[in-house]
Amino acid sequence: MEKSTAKESKSLSEADVEKLFHTKRLPRLPWSLLLVLYAPFGLFLTFLRICMSLQVILLLVICPAGSVKRFMLRVFFGVLGIVVITDSFHRKSSQTKIYVSNRVSLLDHVVFYLALDCITVSSGGVAAPLLHFFFPHRRLASRSPDDLEIEAKKMPEFDESRSTETVVPFAIQPEPLPTNGSHSLFQFSDWPCRLATDVQPIALTARRPFGIKLVRLPEKN
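Numbering-wise (the numbering used here), the sequence shown opens with residue 1046 and increments by one.
In case anyone wonders, no lab produced these hints; they're calculated from the structure.
By construction, the Cβ of each residue, glycine as well, lies at the ideal position given by its N, Cα and C atoms.
Errors might be hidden in some of the hints.
[What the hints assert, rightly or not] Once the Cα atoms are required to be at most 27 Å apart in a straight line, the calculated DSSO-like pairs of lysine-lysine come out as:
hint: 1; residue 1: Lys1198; residue 2: Lys1142
hint: 2; residue 1: Lys1199; residue 2: Lys1142
hint: 3; residue 1: Lys1199; residue 2: Lys1137
hint: 4; residue 1: Lys1114; residue 2: Lys1142
hint: 5; residue 1: Lys1198; residue 2: Lys1137
hint: 6; residue 1: Lys1114; residue 2: Lys1137
[Unchecked claim] Okay, the calculated beta carbon distance ranges per label pair:
hint: 7; residue 1: Arg1119; residue 2: Leu1080; range: 18 to 28 Å
hint: 8; residue 1: Gly1123; residue 2: Pro1075; range: 24 to 34 Å
hint: 9; residue 1: Phe1203; residue 2: Pro1075; range: 49 to 59 Å
hint: 10; residue 1: Asp1243; residue 2: Val1124; range: 44 to 54 Å
hint: 11; residue 1: Cys1238; residue 2: Leu1078; range: 28 to 38 Å
Input sequences plus hints: build the corresponding full structure.
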């Protein structure tokens, strides 16, 4: 009886994990047919957006940080096909230091900056140097949760001996992998919650046209 119960619990856990991902990235009929018809126009639109992206890079480098820059970037990213929508968000307290969020794509840091005007934190990755150059971003070199907490507490913003009137929040994503954001978290680590007493959760969702999925179920080795 004990072996049967353990096996059932394991299969249920695997089923919950599969809900966090999609088995197929491309949609089924009739959306797949519409995607094929859209392909020629999509290629032309991609070329235009590549040209527009050069202007976005210049705007990121030249313009000083502020609400005007974020508004202009939201317009430019909207033209590039990245529309950021804030749904009934309000900062709970002016002393909130930490936003804890799920992970849905590689562009989450861009969304945080445009929508919340906060500093993003990552533990490495290919896009980390670019994020540090274009956006308010901090990269942590550690990997384990305990080491990440120790390294984060060394940042000046979390130094309790320093009192600042303006608190700029940090957006941290403890999830190791991006998920579809529709069911639950893949794996949650509470180390960001130990950095400050004021922590606010945030939920991210993302959609693509024609039913194309953002994240796909990883293949088993």
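#### Entry: Index of numbered hints that the structure contradicts, given in increasing order
Going through the list in order, the structure violates hints 10, 11 and respects the others.
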